[in-house]
Structures are given as C-alpha cells and as structure tokens.
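Chain by chain, the residues run as shown.
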Amino acid sequence: MASLEIRALTKKFGDVTVLDHIGLVIQDGEFLVLVGPSGCGKSTLLNIIAGLESETCGEILIDGRAVNDVHPKDRDIAMVFQSYALYPNMTVRKNITFGLKVRNTPGPKIEEMLAAVSDLLKIGSLLDRKPAQLSGGQRQRVAMGRALVRDPSIFLFDEPLSNLDAKLRVEMRTEIKKLHHRLGTTIVYVTHDQTEAMNLATRIAVLHQGRIQQLGAPQHLYDHPDNLFVAGFIGSPAMNLLPGSLSSSDGGLYFRPGDGEDLIRVDHYPFREAPADGAPVVFGIRPECVTLPREVEGQARFEVELVAEAVETNGFDKHVAFAYGASELIGRLPAKAGLVAGQPMRVGFDLSGISIFDRRSERRL
Amino acid sequence: MSAILHDRFINRMTLGRWVLFAVLGLFVLYYLTPFYVMTITSLKSLDEIRDGAFMGLPQSVTFDAWGKAWNTACVGIQCDGLKGYFWNSVRMAIPAVLISTLIGAINGYALTKWRFPGANLIFALMLFGCFIPFQVVIMPMARLLGLMGLAGSIPGLVLVHVVYGIGFTTLFFRNFFITVPDELVKAATMDGAGFMTIFWRILLPISLPTVVVTVIWQFTQIWNDFLFGVSFSAGGGQPITVALNNIVNSSTGVKEYNLDMAAAIIAGLPTLLVYVVAGRYFVRGLTAGSVKG
Ligand SMILES: Nc1ncnc2c1ncn2[C@@H]1O[C@H](COP(=O)(O)OP(=O)(O)OP(=O)(O)O)[C@@H](O)[C@H]1O
Ligand SMILES: [Mg+2]
Chain X
1 MASLEIRALT KKFGDVTVLD HIGLVIQDGE FLVLVGPSGC GKSTLLNIIA GLESETCGEI
61 LIDGRAVNDV HPKDRDIAMV FQSYALYPNM TVRKNITFGL KVRNTPGPKI EEMLAAVSDL
121 LKIGSLLDRK PAQLSGGQRQ RVAMGRALVR DPSIFLFDEP LSNLDAKLRV EMRTEIKKLH
181 HRLGTTIVYV THDQTEAMNL ATRIAVLHQG RIQQLGAPQH LYDHPDNLFV AGFIGSPAMN
241 LLPGSLSSSD GGLYFRPGDG EDLIRVDHYP FREAPADGAP VVFGIRPECV TLPREVEGQA
301 RFEVELVAEA VETNGFDKHV AFAYGASELI GRLPAKAGLV AGQPMRVGFD LSGISIFDRR
361 SERRL
Chain Y
1001 MSAILHDRFI NRMTLGRWVL FAVLGLFVLY YLTPFYVMTI TSLKSLDEIR DGAFMGLPQS
1061 VTFDAWGKAW NTACVGIQCD GLKGYFWNSV RMAIPAVLIS TLIGAINGYA LTKWRFPGAN
1121 LIFALMLFGC FIPFQVVIMP MARLLGLMGL AGSIPGLVLV HVVYGIGFTT LFFRNFFITV
1181 PDELVKAATM DGAGFMTIFW RILLPISLPT VVVTVIWQFT QIWNDFLFGV SFSAGGGQPI
1241 TVALNNIVNS STGVKEYNLD MAAAIIAGLP TLLVYVVAGR YFVRGLTAGS VKG
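Residue numbers (the working numbering), protein chains in the order written: chain X, 1 to 365; chain Y, 1001 to 1293.
Because the hints were derived from the structure by calculation, they are not lab data. Each hint should be verified, as a subset may be incorrect.
Unchecked claim - Each computed SDA-like pair below joins lysine to any residue, with the alpha-carbon atoms no more than 20 Å apart:
#1 X:Lys12 x Y:Arg1115
#2 X:Lys109 x Y:Gly1192
#3 X:Lys101 x Y:Pro1205
#4 X:Lys101 x Y:Leu1204
#5 X:Lys130 x Y:Arg1201
#6 Y:Lys1113 x Y:Leu1102
#7 X:Lys94 x Y:Leu1208
#8 X:Lys130 x Y:Ile1206
#9 X:Lys130 x Y:Leu1102
Given the sequences, and given the hints that come with them, work out the whole structure.
This is the structure we're talking about:
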C-alpha cells in the first residue's frame, strides 16, 4: 500500500499539451476515479504514473519518493488495460504467473499466490485455457488476476469494464468495489462512464482540457459542481442548464431565464461572493428537482405551467422533456404520474439543490 | 449439420463455379506438365528418350540418371556429382535463412514496439533496400567480401544473403507486429520483462505464421539464387544452382536429358519440401492481421 502524489505534471505530444500542470494527492487506500471525455488524457496520465510514458515535466511521488527515474517494473504498480492485453500464446495460468517468474519468485510461492488469486476471482477452472477460449468477462477476471497476483502497492485500471456488456459491467463493478474493500490497496481507476465513477470512487477527479476541473467526493461533485463542465458531465440525465440573469427586486434576489418573464427566487443560494445585479448567469437544476408540485418539499420552490414534449419511462420513474422558453428542461416524475405529451401541466422546481454559474467564467458563483 | 451445409454447397455449384474450377484445373495442368515431363524423362534410359515418345510413361523405370546426377556427373572437370554442391547449398541456406529471419523479427519488433527517433526513416531505407536489383550490389559486395577475407567462401555467401534478405524479413515482421496491440508490451513491461524477454516469450511465439512465411520466402530466394552464387563462389564451394547450370550447359559429349532432368529435380526438391511441410501456415501467414482475433 502506498500514497501517490503528482506534482505539476505536464505532458506534450509535439505542440499539443495533453496534460497541463496536473496536481493530485492520492491517499493510501484511496479509490480515485479519473473521469473525462474521450481523448482528454486519462490513459496518458495513467501511463505516466506507471512509467510507460515519459512526462514532459513534473514529478511523480510514491510514498513521498520521486519515481520519475524508476523503471516501470520497480515502481510496485500493477495495471489492468482496457483491452486486457493478455498474452495470447500463454494459458491463463502462465498469464498470471508470468510476472512472478520473470521476477524469479520461487516455485512453491508462485503456486500459492496463483491458488489464492484464482480462488478470489473464481477462475480456478479456466487455468489451462488460452485467452482466445475465454469470454469477455472471463478475460477481464484473468487480467485482474494478473495484476492482483503481484500484490502491488498501487493498482491502475484503464477502463477495465468498457468492453463488457451492460449487465456484466454492473456485476464486475460490484466485484471491483468488494475487492477494494477487502484489499485496501490504493487504486487509480480511469473511465469515461460517470455512473461507474460515482459508484466506485472515494474521490473523483474530472479531467478536461488537460486540467483537473474538480476533485472531490462523488456526492460533493454531484451537489456542488465547480464549473459548467463538471455540472454537465456528472449525472445522468445531465443537469438542466438555463442561461439568464440575476435581478433583485422587492428586496429579493431572483433568477430570470434569458427569454422569459419568470422570476425564480434564489435568495437562499449560498453565493460564494455577493453577485452583481443583472449579472449574466447559468442556472443549473438537476432533473430530479423538476417534478410534480406535490413532490416538492420545503420552502425553496417554484411552480410553473409547462408542456411535456417527450416522455421516457424506465419503469422506476419518467424522464420528461419540457419546453421552457427556448430551452429544454428534463424532469423526473414518479412513474405513476399521469401525463400526456403535448398537454400543459403544473411543474414544481425544488430549489434547495440548485447551482448557479457565472456565464463568462463558467465558474460556480 | 455439416452434411446439410455440404448439400447446400453442392446445390450452389452454378455455372460460374464450374467455369472457375475449369480455369483453375487448366492452370494446374499448365504448371504440372513440365514437372511431369521432367520426372518421366529422368526415369527413362537415354536410348528410350532418343526414339521414344516425349510424353509417354517410361517402358522400364531406371534410376540410373538419378544416381549419376548425385554421384558421378561431371561439373566442369570434377566428376563427383551434385552431392557436394547440394550440401554447399544446405550449409549456405540454413544459416542464412535462420539469421535473416531472426534479425528481421527483432527489427520489426524494435521498429513497431520501441519506436525511437528516426524509426520511420530507417524502415523506409530498409524497404528501399528490397528494391535494389542484385546486379547493383555485386561489385561493391565483391570488394567488401574481399576486404573481410570471405571471398569465395560459404560464410561469405551466407553474409550476402543475410544482408540482402533483411529488408524483406523486416518488412514481413514489421507488418505483423504493427497489428499487435502496444498494450501487450506495456503489460509485459509492468510484469518486469525486458526487451529480449518480451521478444522471446511473447512476440516471437505469437508471430509463428509470419515466421513460417518468412522462412519459406527466404529459403526459396536463397536456395534458388544463381547470381550471387556464381559471383561470390568458386570451384567446389559453389551452390547447387551453379553446379546444375554447369552440368546442363557442358557442351562436350552427348546431351543426357535424363541426367539433366534428374539433376534439376534434385536441385528443386528442397524448396518443394519446404512448401509442402509449411504451406499450411503460409496461406495463414499471408492473411494474418487482415482479420482481427
Ligand atoms: N503517442 C502519441 N502521440 C501523439 N498524440 C498522442 C499520443 N498518445 C495520445 N495522444 C493524444 O493525446 C490525447 C490523450 O490521449 P489519451 O489516450 O490519454 O486519451 P484518453 O483520455 O485515454 O481517451 P479515451 O477515453 O478515448 O481512452 C489524445 O488527443 C491523443 O490523440
Ligand atoms: Mg484511454
């Protein structure tokens, strides 16, 4: 087990800056999930931590020791790749023990570790098969086994579940979570699936345009996104974002949607600093806070009549797209709610969990 | 199940298919006829050849010509048959094939999986090397072999064939290894394996079909080579292709067709053998990488 620190890490490919002064401290035993859109440099960061790719500048520290010049094999890190990268010419047994053999681990010890890992991952019956004779889920387990057997102090996972079908993905997600509870090893896990991130992480780092946009506990990122990118990225369906402006009248502070007459009271919102009157802002509200008026509890509420344009049902609740001025607003209504597409209906906003962003800087106010 | 499939297949033997098979059959005949004539001629006595039918089977089969070709045929002024030259070719081809294949494999591996600055340029130059005609390199090569003290020797010929073959072997292996995901090498690196361990334990084993293709290609090239052989060897150190030429083209005495044919078949048998033994992999190797998995 180990802690991991990344200091001012920059990576350029030619003129393109993929990572720009990344700083990150990962505690011993933490499960850090790196999320971000495709091509934002997640794999690159992981490869640099592993030592498979060289940094342009910056430092990587493991347990406080700089490892920039330490060979990948001596960093005590194991990695699971997106494509699993199992050795196609070797049986499962050899795939798992290859690393131990290369490191001259004594034979009986290898057998012991192999047995432990194949028990843990339930792959005992597959040991004599070649990777080509395994299903996707089984390959995934073997790839994890190959990492686990080395008993490293840090695990790196690069989108390990992205090649699996939806059901298997959820299953393996749970298993990985259990595994982390059991072993307590520090994990850095890359994914671009934010559901996976929310479910697994002790903390999430959102990577975009070479920078960490926000780092924090999953719930914190969900409730208090630091900027518009994070607000749009975390959560599914995504947060509703309405452009408009702030205005104060009758001693209250209101949000006025860009093209509407409505005034939504936002007095209760904990502004980080007092906003200017008339400031252009983006108003963010989660779909679950746009629902039937009777579902909304508490004082901070707003009601309006809207037309439901499209309705999707998943059995548990209904996702409804409302037209609100020029914007579209997604609401989550109880499955039992009777509503007809095209008909106007009363909709309540629960304003207790809103987010307000500066429209120019895109930062949370 | 397979019977049903088979029936369906038969049902689809349409006109187009018949034409296809007819054309293919024609090609087979076209290629096999010379070999047939050579074989039957080599089994006839000289008298029978002189007054017999060209295409007809031998009236009495005799292996005299084969024995003579192997043991006593005159190559130039030496009359010891082909056997010495055959072994010359073996001693030349086997090391040259193995060394050039191995170097090609390592080159292809380094060029794709350990990209260094200038890797593309080096590959382009090697590719260019494939297209340099034999004739161009003969003079400089002769000079170089002389300087190295290898002129007229079998190690000299091995060197020539290795150098000339590396361009091709590198091309074959590079094109295969480029289809192998880099993550495989990354995984092995994290497992603690170094450059050579990864090559021997993982990359070389998975490139077996490419190895077979390369070996067949190189063996055919090197065994059948005449120009380098005639340029860089002398007397008893010549490869079999040169000796065969000297037997067939000797202008003294009667033309012994049965002897010539037997000698030609002996000279061609090893390549035939390599195709038969390894041909299964050859086709597989040529298409390797075109289909994923
Ligand atoms: N060897 C390279 N040379 C040049 N550019 C590269 C190289 N490797 C990666 N890049 C670029 O760096 C950026 C980040 O790539 P990276 O693979 O880290 O993305 P990612 O976040 O892992 O994306 P994904 O979610 O699709 O896996 C991409 O824009 C990619 O084009
Ligand atoms: Mg990636």
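Quick one, are Lys130 of chain X and Arg1201 of chain Y close enough, alpha carbons at most 20 Å?
Holds, at about 15 Å.
Measure nothing beyond the straight line between the CA atoms of Lys12 of chain X and Arg1115 of chain Y; if it is 20 Å or shorter, mark the hint as holding.
Distance of about 17 Å is within 20 Å: holds.
For a C-alpha distance cap of 20 Å, please report whether Lys101 of chain X and Leu1204 of chain Y respect it.
Holds, at roughly 18 Å.
Assess, step by step, whether the Cα of Lys130 of chain X is no farther than 20 Å from the Cα of Leu1102 of chain Y, and give holds or violated.
violated (26 Å)
So if I understand the rule, the pair passes when the alpha-carbon distance is 20 Å or less; does Lys130 of chain X with Ile1206 of chain Y pass?
holds (12 Å)
20 Å limit on alpha-carbon distance, applied to hinted pair Lys109 of chain X and Gly1192 of chain Y
The given pair, whose Cα atoms are some 17 Å apart, holds under the 20 Å limit.
Please work out if Lys1113 of chain Y and Leu1102 of chain Y have their alpha carbons no farther apart than 20 Å.
The hint holds at about 16 Å.
With the threshold set at 20 Å, check whether the alpha-carbon distance from Lys94 of chain X to Leu1208 of chain Y stays at or below it.
holds (19 Å)
Restraint check for Lys101 of chain X with Pro1205 of chain Y, where alpha carbons must lie at most 20 Å apart:
The hint holds at about 18 Å.
The structure is inconsistent with hint 9 alone, although it conforms to all the rest.
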